[in-house]
Each structure stands twice: as C-alpha cells, then as structure tokens.
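Enquirer: We have chain U already, so just place chains F, H and G on it with the hints.
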Amino acid sequence: MAAPSSVAAFGTTGSYLDTFPGRRGLWGWLTTVDHKKIGLMYAAAMFTFFLVGMALGFLIRLELLQPGTQFIGPKTYNSVFTLHGVIMIFLFIVPGIPAILGNFILPLQLGAEDVAFPRLNLLSWYVYMVGAVMALASLFISGGPIDTGWTFYAPYAVNTQTNVSWAVLAAFVLGFSSILTGMNFITTIHRLRAPGMGFFGMPLFCWGLYATSWIQIIATPVVGITLVLLFLERTLGIGFFDPSRGGDPILYQHLFWIYSHPVVYVMILPAMGIISEILPTFARRTIFGYKAIAMSSMAIAVVGYLVWGHHMFTVGMSDTARWIFSILTFFVAVPTGVKVFNWMATLYRGSIEVRVPLLYALGWVFLFSIGGLTGLANGALATDIHIHDTAYIVGHFHYTMFGGAVIGMFAGLHFWFPKIYGRMYDEKRATWAWGLIMVGFNTLYFPMLILGIMGMPRRYQDYLPQFSFWHMVSTIGSWILVAGILLMFFNLLRAIRHGKIAGDNPWGATTLEWKTSSPPPLLNFAQAPVVTTGPYDFTEILAKGHDPEAKSL
Amino acid sequence: MNHSHSMTHGGNARPHVLPDGLFVGIWVGLLLLTAATVSASVFFPGKIGILVAVLVTPAKAALILMYFMHLKYEKPAFVAMFLVAVGILAIFMGLTFFDYLHR
Amino acid sequence: MSADHAHALEAGRGNDLPVHRDDEGSKTGMWLFLFTELLLFGGLFLIYAVYRSMDGAAFHHAAEELNRTLGVTNTVVLLTSSLTMVLSVSALQRGNRSRSLAMLTATFLLSCCFLVIKYFEWSAKYHHGIFPGTEHIHALPAGEGLFFSLYFMMTGLHGIHVVIGMIAMAIVFAKVRSGSINQDRHGALEYVGLYWHLVDLIWVFLLPLFYLTN
Amino acid sequence: MNGASSYSGLVDRAFIFILGTSILLLIAVTAVMIFFIVRYRRSKNPNPAQIEGSTTLETIWTVLPTILVLVMFYYGWAGFKVMRDIPDGAMQVTVKAQMWSWLFEYENGKQSAELIVPTGRPVALNLTSSDVIHSFFVPAFRLKEDCMPGRTNHAWFESIRDGEYDLLCAEYCGDLHSAMLSKVVSVPADSFDAWLGLDAGPPTGRQLLTLRGCVACHTLDGKDLVGPSFKGVFGKTETVVLPDGTERQVTIDEEYLRRAILEPKAEIVKGYKDQMPEQRDLVTDEEVDALIKFIKGLQ
Numbered sequence: 137m138a139a140p141s142s143v144a145a146f147g148t149t150g151s152y153l154d155t156f157p158g159r160r161g162l163w164g165w166l167t168t169v170d171h172k173k174i175g176l177m178y179a180a181a182m183f184t185f186f187l188v189g190m191a192l193g194f195l196i197r198l199e200l201l202q203p204g205t206q207f208i209g210p211k212t213y214n215s216v217f218t219l220h221g222v223i224m225i226f227l228f229i230v231p232g233i234p235a236i237l238g239n240f241i242l243p244l245q246l247g248a249e250d251v252a253f254p255r256l257n258l259l260s261w262y263v264y265m266v267g268a269v270m271a272l273a274s275l276f277i278s279g280g281p282i283d284t285g286w287t288f289y290a291p292y293a294v295n296t297q298t299n300v301s302w303a304v305l306a307a308f309v310l311g312f313s314s315i316l317t318g319m320n321f322i323t324t325i326h327r328l329r330a331p332g333m334g335f336f337g338m339p340l341f342c343w344g345l346y347a348t349s350w351i352q353i354i355a356t357p358v359v360g361i362t363l364v365l366l367f368l369e370r371t372l373g374i375g376f377f378d379p380s381r382g383g384d385p386i387l388y389q390h391l392f393w394i395y396s397h398p399v400v401y402v403m404i405l406p407a408m409g410i411i412s413e414i415l416p417t418f419a420r421r422t423i424f425g426y427k428a429i430a431m432s433s434m435a436i437a438v439v440g441y442l443v444w445g446h447h448m449f450t451v452g453m454s455d456t457a458r459w460i461f462s463i464l465t466f467f468v469a470v471p472t473g474v475k476v477f478n479w480m481a482t483l484y485r486g487s488i489e490v491r492v493p494l495l496y497a498l499g500w501v502f503l504f505s506i507g508g509l510t511g512l513a514n515g516a517l518a519t520d521i522h523i524h525d526t527a528y529i530v531g532h533f534h535y536t537m538f539g540g541a542v543i544g545m546f547a548g549l550h551f552w553f554p555k556i557y558g559r560m561y562d563e564k565r566a567t568w569a570w571g572l573i574m575v576g577f578n579t580l581y582f583p584m585l586i587l588g589i590m591g592m593p594r595r596y597q598d599y600l601p602q603f604s605f606w607h608m609v610s611t612i613g614s615w616i617l618v619a620g621i622l623l624m625f626f627n628l629l630r631a632i633r634h635g636k637i638a639g640d641n642p643w644g645a646t647t648l649e650w651k652t653s654s655p656p657p658l659l660n661f662a663q664a665p666v667v668t669t670g671p672y673d674f675t676e677i678l679a680k681g682h683d684p685e686a687k688s689l
Numbered sequence: 228m229n230h231s232h233s234m235t236h237g238g239n240a241r242p243h244v245l246p247d248g249l250f251v252g253i254w255v256g257l258l259l260l261t262a263a264t265v266s267a268s269v270f271f272p273g274k275i276g277i278l279v280a281v282l283v284t285p286a287k288a289a290l291i292l293m294y295f296m297h298l299k300y301e302k303p304a305f306v307a308m309f310l311v312a313v314g315i316l317a318i319f320m321g322l323t324f325f326d327y328l329h330r
Numbered sequence: 016m017s018a019d020h021a022h023a024l025e026a027g028r029g030n031d032l033p034v035h036r037d038d039e040g041s042k043t044g045m046w047l048f049l050f051t052e053l054l055l056f057g058g059l060f061l062i063y064a065v066y067r068s069m070d071g072a073a074f075h076h077a078a079e080e081l082n083r084t085l086g087v088t089n090t091v092v093l094l095t096s097s098l099t100m101v102l103s104v105s106a107l108q109r110g111n112r113s114r115s116l117a118m119l120t121a122t123f124l125l126s127c128c129f130l131v132i133k134y135f136e137w138s139a140k141y142h143h144g145i146f147p148g149t150e151h152i153h154a155l156p157a158g159e160g161l162f163f164s165l166y167f168m169m170t171g172l173h174g175i176h177v178v179i180g181m182i183a184m185a186i187v188f189a190k191v192r193s194g195s196i197n198q199d200r201h202g203a204l205e206y207v208g209l210y211w212h213l214v215d216l217i218w219v220f221l222l223p224l225f226y227l228t229n
Numbered sequence: 217m218n219g220a221s222s223y224s225g226l227v228d229r230a231f232i233f234i235l236g237t238s239i240l241l242l243i244a245v246t247a248v249m250i251f252f253i254v255r256y257r258r259s260k261n262p263n264p265a266q267i268e269g270s271t272t273l274e275t276i277w278t279v280l281p282t283i284l285v286l287v288m289f290y291y292g293w294a295g296f297k298v299m300r301d302i303p304d305g306a307m308q309v310t311v312k313a314q315m316w317s318w319l320f321e322y323e324n325g326k327q328s329a330e331l332i333v334p335t336g337r338p339v340a341l342n343l344t345s346s347d348v349i350h351s352f353f354v355p356a357f358r359l360k361e362d363c364m365p366g367r368t369n370h371a372w373f374e375s376i377r378d379g380e381y382d383l384l385c386a387e388y389c390g391d392l393h394s395a396m397l398s399k400v401v402s403v404p405a406d407s408f409d410a411w412l413g414l415d416a417g418p419p420t421g422r423q424l425l426t427l428r429g430c431v432a433c434h435t436l437d438g439k440d441l442v443g444p445s446f447k448g449v450f451g452k453t454e455t456v457v458l459p460d461g462t463e464r465q466v467t468i469d470e471e472y473l474r475r476a477i478l479e480p481k482a483e484i485v486k487g488y489k490d491q492m493p494e495q496r497d498l499v500t501d502e503e504v505d506a507l508i509k510f511i512k513g514l515q
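If you read the sequences in order, they're chains U, F, H and G. With this note's numbering, the residue at position 491 of the first sequence is 627, and numbering never jumps. With this note's numbering, the residue at position 74 of the second sequence is 301, and numbering never jumps. With this note's numbering, the residue at position 168 of the third sequence is 183, and numbering never jumps. With this note's numbering, the residue at position 205 of the fourth sequence is 421, and numbering never jumps.
Isolated chain U (complex conformation) (with noise of 0.2 Å):
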C-alpha cells in the first residue's frame, strides 16, 4: 500500500499525543480513531462517573454512621444508593478495564496497529456517552432520581413513580456500547495477533478480555431485552412481570441474573489478566500455570452462565432448582482457587522487586481472596438463606467488584502508566496511597460482613441500636478509603505533566507493549513485531542485567 513516506513516519515515530496538523484540540480526540486516544476518552469519563459514584457512596455511608437520619431522608437515600449503583455498575465497572485498558493495551500486547474496527470503537465511546447522557438526564426529568435499587425489581420498578424508563433505557444503550466492543475485541484477537503469536502466545491479559468479550456478547442482549420490556411493561402493561395479569416477578428475576451474573465475570476477569502480567513482571520469572491460568479464565466464562440462581435462594424458587444452582455455584470456586494458587507459586523462587504496581496487585490479592472466600457462604444454602439481602452481601459484593476489578484497574493503572504518558508518577506518593485505600478499603467494608451476619438487611436507611457500633466503624473507613482515592488520582494527574520521564520498558516486563517507545507512536510499532518467544521469557531482560533507575521501595 503505497502511502506517503511522511505520513508512514509520522505514524511510525513520534507519539500518538502529539497534534496532528489541522485535527488539534478537542476536536482531534472527538474524532479520532486511534485505540489509545479512545481508551484515554473512556478513562475521563468513567473516571469522571467513579468520583460521581463515589461521592454517593461516602453520602450514603454518612447518613448511616448513626442510627435514624442524620441529614437526608428514607426517600433521598433511596435514590442515592440506587444512582450509587447505577452509575458505578453501568457507567463505571462493567464496561471499565475493557474500555479504559483494553483498548489501550490489547492492540499493543498483540503487535497490532489498531484494534479489528477502528470506527466502531469510536462508535461504541459515542454509544456509551449516549447512554450516559441519558442515564443522568433521568435524574432530572418528570418523575425523579430512580429509587429501586441498580436490579431493577419488578413489580416495584414498574409501580413506582420515578424516572425508572429514562434509566432502563439508559442501560440498554450501554449494554449495546459494551457489545460492540466486544465484537471488537475478539474479532482483534482473532484476526490480529502478530506473526508467531498463537492463541497460547497471548499474555494473559489479552485471555482475560477475550473471555470478558464473549460474556459481553452472548449474556448482554439478555438484559438488553428484558430493560426493554420492563420499560412497555411500564408504558403499555404487557403483562410479563406483572402478577395481576398473570405475569411472573421471579421470571424478571432470572432473565435479569442471566445477565448480571455473568457479567461480574465482566468486571472480574481483565482484573485477574492484570494481576497475571504483574506478578511475572515483578518477579522476572515466567508465570506458572500459563495454561492453566487462561483455560480457568475460559472456565469461569463458562460456569459463570449457569449459576446465577444463588441470587435468588429466597424468592420461592422450586427447591430442586435451588440446590442444582447451589452446586453450580460452588464449581466457579475451583477456577478462580487455581488461579490464586498459580500466582503464588509464581512468586515462589522468584527475583522480587516490591513497587507500586506490585503493591496493588498483593493487595488485590488479598482483598479479592476475601471476596471470594465469603462468596462461598452465599453459594450454600443454609447459609446464603440467612445472609441473602443483608449487609453481607454489600460487603462481599465491594470485595470483589471494588477490591477485585477496581483495585485490579488501579493496579492496571500504576503498571502501564508510564508506558501510557511515557512519564513516572511520584513512587512514594503512590505507596501512601496505597497503604489508605487497603486501610480504608477494610476498615470499611470488613465490618459489612459482621453486620450482615448479625442480622443487619441492606438498603436500610435507618436501624437498630444493636448494629451501631459496627456502622460507626464502617464509616470512618469510608473516610481513609476516600482520602487515599483522591491521593492516588492527584499524584497520576500530576504525573501526566510533572512525572519524570519513564523510558521505554521502566518495570523490565516481557510483553509486547513495552517493546515499543513510551508514549506509543500512532501505529504502535515502529518495525512490525515478529514473536519468537513466550509472553513472559526473561532471557533477554536478566541478559542485559535490565536495572531500572528506580531503586526498590
């Protein structure tokens, strides 16, 4: 293809931040199709969306450091844990590691230049800001801030008198974004793996996208239809959910858990593909279980469609559907458990270097250890009976959705940071940050877990005396958790301009995208990468003797 030399140049060398003549500003991104400017587009809207969230969830946390209400009432709390929910399921988790990350990242560990469909990405961004749009919009128009809890439930979402079809219809369109994407992202992995680069020659990262994508595929238009009919049911009365018309609430149940349970494999699975191209990386030794690790991501893809009955051991399900789905449940543990257990051994015999994206994924370990340790109450059913629907499920819940995907995204974050802006953000500041969210993360959330198994139900605005103790705590952890956020958010936005220059490859690490210069030029590569050898082979890294400037913390 015969091409004007300079422009090859220009997007051979460089760095795809610079301006382009005539395509600067705002303009320039708004338009764009290149996969790392669309990634850093999703990055300032999500983010934007998490301290939106955030700012809720520490309202909500306020309002119940005592019992009776401290300053917002039963309805206004409502609604903010229901726009909590929201925004920080739909606008901000599930499509988050894939869009921010994925994008930037995938095309880069691949060798390729772009993602399969470079304008359906650009696509799926206006997509999910459309949803967006709308999903804030509905706080504002006739009816109200929604007030049923992010599920949705029938028949309450159908009765109620708030914004609910503004917001249902909202989460439609961005499950379409979400789709899209996930086309995108297999058909590139499919289709655009560098020469020599086999299916078992992807960084695990790219493995967990992929199983990501497809859950996004199949388990997506699922919920897409049934928000649809929840909004006629709401317009029209068609009568699916509705009891008085000989309609099925728990049918609205199954079709929404058909999606949403799948889909924390969403949120959970790129997660686990960052801790396995942290781990290798700071241990300088291949990671164990290669295999193992991304045939268990496949399986949690797999298993994850066929349990999510255990949301609903409660609703008067038949009892035979309850154990078959009980048993089911209990089958994702073995995934995820031999996962973990990979990555310890990776760490065993090792040559270990304790930095910032290292700290991150320890303590993703541990606090996704925990999420999912007590998942496995919830999944036996003498025990889920008494703790479904209280403080406990909040509590396992934020341990695997925030301590498993989001600490997972800022590990993510801190790793390839400097690979992303080419610059280093302020290492101590970084660890400071650290150190507050684990703090604040567990005094916050732990205390959740004694509460529920005391008895305390969720979505209580107000309660009784013998649970305060505990929610005292729980707050003050609120506290620590969002000053370390906000530490951690100054020190990268900073670093964007004030970071030392980072260098090429600053962590030693082994995939492709550090192979390239920091920032990437526009077509990612300057010579088209050959693969000779595996995602995570050291040779040539302990060959150099590669010691970075930045000395161990």
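No lab work stands behind these hints: they were computed from the structure. Don't take every hint at face value.
Simulated restraints on C-beta separations [claimed, not checked]:
1) G:Thr-272 <-> F:Leu-278: 50 to 58 Å
2) H:Ser-113 <-> F:Ala-304: 29 to 37 Å
3) G:Arg-377 <-> F:Val-281: 29 to 37 Å
4) U:Ser-278 <-> H:Ile-175: 50 to 58 Å
Predicted, not measured: the structure shown is a model, and the values here were computed from it. Glycine included, every Cβ here is placed at the ideal spot set by N, Cα and C.
Expert: Frame of chain U, contents of chains F, H and G only:
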C-alpha cells in the same frame, strides 16, 4: 508500513460460490417443509402437529444456516462459535426450567 | 508532514489507507453480531417457553385469533426473499452486477410485501382491541393476555429488524450501483445477506410458536 | 448471636465450617504471599528460577478444592433441607406483607401485627404480598423467605426459646423499607393457646390502625411521614388533588375520611404522592366506622 500486509494473510481469498440451482433447491425444500408443518397442524392438531413442528423447524433453520448463510463452507471456528452461542441459549432455557417444572 | 496527510492517516485507518483489509475479520465481527441478535430474541423465546409451559391451554385458545393464512403467506414471502438475497450475493460474486441489483430489488420488494401483510394483520387486531394496554386485552384470561403481549413483542421486534434490513439493503443497493461494492469487495452485501437470513431464520421459529399453536 | 429455632444449629454448623475454612485459607494465602515476598526479594535472590508449571500441582489444586467445595455444598444443603421440610400438623399462619407493615393471620381468623408463636411447636408460614416484593427475615431463626405478590411462598420454623425476636423486611420495598419492622414473640405453649383463644371482640379503631398497617405511613403524633399525620386532621380544611389534576378545597369530615380510606386515589391531599393502596375490599363497614371514630377523637 510493510507489516500491514502481513495481517492480510488468508483473509481475502476468492469466495467459494455455490451454484444458483442449489439455492433454488434449498428454497423448494424450505417451502415443502413449511407445507409439512402447516398441514400437520391443520390435519392433526395437538400432539402430532406439535411434534412435526418441533422436528421440522430446526431442520428448516439448519438449511438456512448451512446453505443460505454459508456456514457449511466456513472454517470450523465459525461453526464452533455458533454452537457456543446456541448452546448457551439452551443452557439458559434448561436451567430456568429447573425452576418452573419443579414448583 | 502536511495537514492533509495527517487527516488521511487518521481517517484512513480501518478503511483503506495504511491499514490492511481483512474480509474474514469483518465476517467474524458480523457473525458475532448475529449471536447477539440471537440472544436478544432468546430472552423473548425464554419468556414464551415459560408462560406456555404454565398455561398452554390459554396459548392454544388465543392462537385461534391469529390469521394462519396470513402467517403462512408471510413465511413464503420471507423464505423467497432469502432466496433472492442469496442469489443477489452470488451474482455479484460472479461479477454479474445487473443481476445482483435485480435480485436485491426483488428482496426489497418482498420485504415490503411482508410488512404490508404484517400491517394488515396488526391493524385488524388493533381494531378488535387486541393490543397491549387496551381494556379488551386486560379483560382476557391472564394466559391469553400474555400470549398476545408476546405476539406483539416478538413480531414487533422482528418487524423492526425487517425495517433495519430494508434500510441496509437500500444502502448496499446504492453502493453496488456506484461500484464501491463489486466483485472484489462484496463483503458489505454478503453481511446484509447474513443479517437478512437471520431475520428469516427467526421468523421460521415464530411461525409455529404463534400461528400453528392451536 | 444465638440461634433460636430448631434448625439454627444446623445453619450455624454450616457457617462455622465454611467461614472457618475460609479464614484458614485466607491466612494461608496471605502468609505464603508475604513469606515469598520477603524470602525471594531481589536483593536476596537476584537470579529467578524460570518454572513453567507442574501438572501434578495443577491437578492437586484442582481436585482438592473441588472436594472441599462439595463438602461445603453438602453442609449447606443439609441445613437447607430441614428448612424446606415443613412438618405435618404445623400450625398455619398466613403472612401478609404490604408497604410497609406486616399482618399475621391465624387459622381461627385471629389477626396480629406481631407474630405471636408457641415455643416448641412448629409454625408453617404462608407468605404473600399485596403490592411489591418483601422478605420475611428473622435473624435469630436463620430464616428468610420472600413475600411475592401473586403467589404464596412457604417456610416454617420452631422457636426453641421464649423471647422477642426482631423481624425485618429484607427485600427493598420503597420509601419506608427500613421501618418495616415487627417482632416474633415466642411464648410458652399454654399462654399462646390462651391468647389465641381469647376473643377480645372486634378490634378497636386503634388496633385496626396497626393491623391494617396505617401507622406505617400516618403517625399519631403530628409528624408527617409518607402520608399526613392523623393527629388533629379531623375538621381541618385541605386542598386535594383529583386524578385529572384539578384541585379543590375539602373539609375533612366523616364522609371525606370514608372516601380517603376506601378510594384513596380519588382525592389526594396536596403535597403527598399517590401511594396508598385501596382498602375497599380489605376492610368492613364496621371497621371503617371504628377507624373514623378513632381518628375523630385524635385531636
């Protein structure tokens, strides 16, 4: 910029074009199968009609998939992916019925 | 490095400038999209299965209200349109553009025909007060009301897909005529074809579920 | 917190096994992680070993967890099975949940806003809801089952100790979800029988306000909740909104109160949401009279 060529490997081979007569034949087959289902439901309403529909409808679907949609001539990976999608849909249905059939 | 070049560089990515062309990749993407369509209808099929299993008799009774002749006619129309669609694709693959355009036109007209029949069917129901949200449908036994709701939802969603398919046909028609879709680059026509066959495929299932239930 | 139902011991056994194992595993994983970080730090171990994997280890740590989780499943199932086997001859109580109150109906027609039960006798619950999903949750009994509109769910328990136990709604059900509380009062069997047999005559207006759940939304002390307070309401002049949006003035007299109870949607006091369920089929004429009489006296 040479590496862009390396990515086109195997992607753009001339397609495998089936003869038009085959398509017409499939179409006739589809119409006959439709006629079979309809007449079964008219003349044997109830169990037999349903049984015929249950057997014939997937056969029609398979004809459309394999020939009109060319799936028979695609790489096995396409067929595998299709089966995964359909299989998971079947799982959704099957597991849901563990609830509804045992209430 | 001129502004034009930068423009061309950015705008051209994923189209034809420095980036590769990958027909099989595009086809993969198309199939993945078809899977999502399948699962979108899958949710409704699941609801149908559940309510039919709960109250089969009501479904049989309600189905008698539907016009079987129109349902079967529409099946024939759609199956035929699938045939003309696939003939249009193969004509273009052989380089016969005018035949391809003729077949595409036939497909378009058949889908119009489908929609017209559908329109008469729906409006007849509507005049009888059988439509979601009407008093009449709320007065029916619960199982029959659910049947009609499912009927309108599923054929409605299918109808939307028919309309989208027709828009897509119109676009590829213009492109085949202008030559930007041709024997060497026939992907877009092929993908519209795949989509159209899927629309047909779903109708194949809707026929026995609604019209042949009694 | 001590369990107080006949099967709470089985549930606690499952809890102890599952949570105990989990804590051990968490400690083990964390300890190994910290040990490796210290033992194999770069300054101490500059030359890493490149170990690709081990089929033996993979097999072990696939099979062992599988067995472990199957044991967990067994404990969970064993406790659950007992919960689902409702003993023959259990005393039947119908649980009616509505926004945001509980009503318990005994076989002889007696109604109560608290669930009074005999200690040591099995009680079968038939759970229903008249509006949205609620969930019957008694932490001390380790019991929870949803109240679904349009269907009846079943559960049972047997209290093993006299006492008062919290009863909470565990499924989010709207504005006053966190106030949808009641008590299970477990009393000796003979005093229960006496209570059940006691015919106190028709309920008074005050009792009806509790039984029908009125006080969940309307206070008696002048504070406004979801609906206006009953205190001093009689004789006031209020602006009401009709379904078509027009407003008019009414004086709250006996006739208005009757309409407001039977068909609340017809005239809603301005500033409040249309949320009250119609009581037309739920209360008798005598009950309405009693209610009006009570509200009238509440000045």
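Enquirer: Each hint needs a verdict: does it hold in this structure or not?
Expert: Here is how each hint holds up against the structure:
1. G:Thr-272 <-> F:Leu-278: 50 to 58 Å: holds (52 Å)
2. H:Ser-113 <-> F:Ala-304: 29 to 37 Å: Hint holds: Cβ distance 35 Å, inside 29 to 37 Å.
3. G:Arg-377 <-> F:Val-281: 29 to 37 Å: With a Cβ separation near 57 Å, Arg-377 of chain G and Val-281 of chain F fall outside 29 to 37 Å, so the hint is violated.
4. U:Ser-278 <-> H:Ile-175: 50 to 58 Å: violated (27 Å)
Violated hints for the displayed structure, listed by number in ascending order: 3 and 4.
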